[in-house]
Amino acid sequence: MKLLKIKQSIQRKIVFIAIFFSLVSFQLSADNIQMKKNINDITKIYMSSMTYIFKSQSIINQKNVDKSSLFGDAFIENIKQTYSVKYNEDFPKADHLAKKMLLQVMVEVMDDNKELIHDNEIGFKGVIPATYASQLSAKLATKGIGLTIKFTRTEKGIRNILNKPDAWESAVMEKMKTTPDIYYDENALLNGKAAIRQFTPLPMAPLCLGCHGVPGQNPLNVGKDKSQWTTIDITGFEMENWTIDDFGGGVSISIEKSVLQ
Amino acid sequence: MQSFMLSHNSVIKSVFLFVCCFAYSVYSFETNAQVIRVGLIDYPPHINFDEDLSKSPLYQYINTTLLPLGFTLKYVKLPRERASIELFKGRVDVLMPIPLENETMKTLSLPIFHSVPGLCFKKENFIPILSAIHRLDNLTIGVPASSKIVAGLTASKANLLQIKGENATNRGLEMTQRGWLDAFYHPSPIKVYHRKNPAYKELACSYFHGFATPVYIGISPKLPEKTFNLINATYQKAITKQSYEYYFASRE
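Residue numbers (the working numbering), protein chains in the order written: chain A, 189 to 449; chain B, -3 to 248.
Isolated chain B, as found in the complex:
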């Protein structure tokens, strides 16, 4: 009887030990497998590094979309110049948002939103409708050297002044604000022309509607295909149900 009790206890102990080891190994495997590192690029008002991340609408949308998949999402803020390198090296799995104007990259299948280029003016010189291209005649308009310019602007008789260097956009805006340029071509003026931006209070921007560039969510080439497919399918479902652009437009 006693030997039966001993053997019974040892069986229970063994089973308990086995369950603990199994649970731990499953837990640690799952935990490692489910970490998705999401790189973020400052792109106000969609991702705004100047405020709490939880207030950025693109963060909210993607977080809500991906959380039900059971991943642990780790967000990393990255400077634009380094972000693509981090993605290619696999140090982040996902990177957003990425306008694919000048580069090729693996992305989720649908764009998350579209950026529309435009011109920023000093408010007293504001031109609201850019299809009236004759109004740009003889204006001196700064253009970042790395940007692709829309046909509406190249067809005008404006004097286009190329601004070179890494910080061309900020310098161009400064020059416009100081009155050294009549206007500045911005690939996505929404990034600067918004109420939360204190830097360019004297500027207002109008848009070249009809010349939108799709902005995507980049995916690391090192992310396993199975994980990519899962994320992509979930993302497509979410976009079909309610697009990010509509989510953004209808927020309070």
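Just chain A, with the same shape it has in the complex:
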């Protein structure tokens, strides 16, 4: 009789422990899914904003046109529309500090360029997807919220040294040569702190080749005799002669776990 009671008690404890662990692992898995969703949302919002900057080149560089769509709430509205078209889904809710902060920083970056964009005596303003992305990264870094975003590429093809890949990014890009898929690492470190990192490869697009392709794709050479072509692109850099099949780099996003939680 006593033995039976002990057996029943042990059974009850085992059941309790099993339920406890399944609940904990269920919660962890739910957290993990949420973290992945947040980091994916951030990547897509970031890429949509770069697409919108590309589409807005004529407004940015033209003289005496209405440029209000590039600033404040109107700018965010346009990014939302670009997102919906690009990904065929609704724009995510700004339900996390990192997403909210990203949208605010986008407005701040465009405001930093406001005087230049409105300067009718300057033709090419230099506000292109790559420089916009770089400004966004630099601005986010000043916020101290544990979110970093970088538009990067293998070290050999980097134009701005501030976008140089770190060891994690270099290792991931090495893997990408064989498997060009989104790489997600939930146990990474960033500046010595536990972080979640994601690298999303970007396929080379025709829009990239106007600067990074061959001189024949350089808009500055349009209508000119081949002997007069320049190998310097509109931003002042030597063109790299990349083709549509080359690796286009990618978006590297890191969020400290303390921020996500």
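FYI, nobody ran anything at the bench for these hints, they're computed from the structure.
Where hints are given, some of them may not hold.
Stated by the list, open to error - Below, a list of computed lysine-lysine pairs in the DSS-like style, where the Cα atoms sit at most 25 Å apart:
| no. | chain 1 | residue 1 | chain 2 | residue 2 |
| --- | --- | --- | --- | --- |
| 1 | B | Lys192 | A | Lys255 |
| 2 | B | Lys118 | A | Lys255 |
| 3 | A | Lys302 | B | Lys85 |
| 4 | A | Lys243 | A | Lys287 |
Position chain B against the provided structure of chain A, taking the given hints into account.
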């Protein structure tokens, strides 16, 4: 009965007198305790001495943040050179904005905004992207002697010409405008490159993004710790709710 009435009246008079004295002493104590002297430094477009102060966005933000604390805020416009001395001596309690490039000072815990250095060119020679440092090769670029120069510029093959003296920034800009320099290094070009500035219409500036310097709100060492803590906590709350940088960027 009459003596009761007399004593009743005198009690009322005494109570009234006591209440008046108490109210006056509380009022005068509160009034003295709540005056916060805020020193302002000309830093367009955040604080612009050339226009009505109420139009300066940094004034608006700080005024809105601190007013609910019940302080009487008195604003004093100060020249940059004298401002720090006034703060250290306690003649102003708060001083803004202060880029902490060359000095140490007690400040509120978070920066109010960040200044980004850059280069100002004559518009016809404008270089928009400064990470293309090879484009600076062989240019003569004026640099204020007191300024810390960013790595992006020191790594270039430009000829850097130091400009000395108190008015180095204005002289450097003048020299660029006259074509005596190819460009001028400015620690914060936003101060000069804006539509409200009539002085440098022929110049345009681009930025060394990624080399920002935090700009703070300085606090006098003589301000009582309790008042500092109250201001600091309120300021932190306001920044978390809506940062000044976002407030500035999203204004009409």
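Against the structure, the hints come out as follows:
{"no.": "1", "hint": "B/Lys192 - A/Lys255", "verdict": "holds (18 Å)"}
{"no.": "2", "hint": "B/Lys118 - A/Lys255", "verdict": "holds (24 Å)"}
{"no.": "3", "hint": "A/Lys302 - B/Lys85", "verdict": "violated (39 Å)"}
{"no.": "4", "hint": "A/Lys243 - A/Lys287", "verdict": "holds (23 Å)"}
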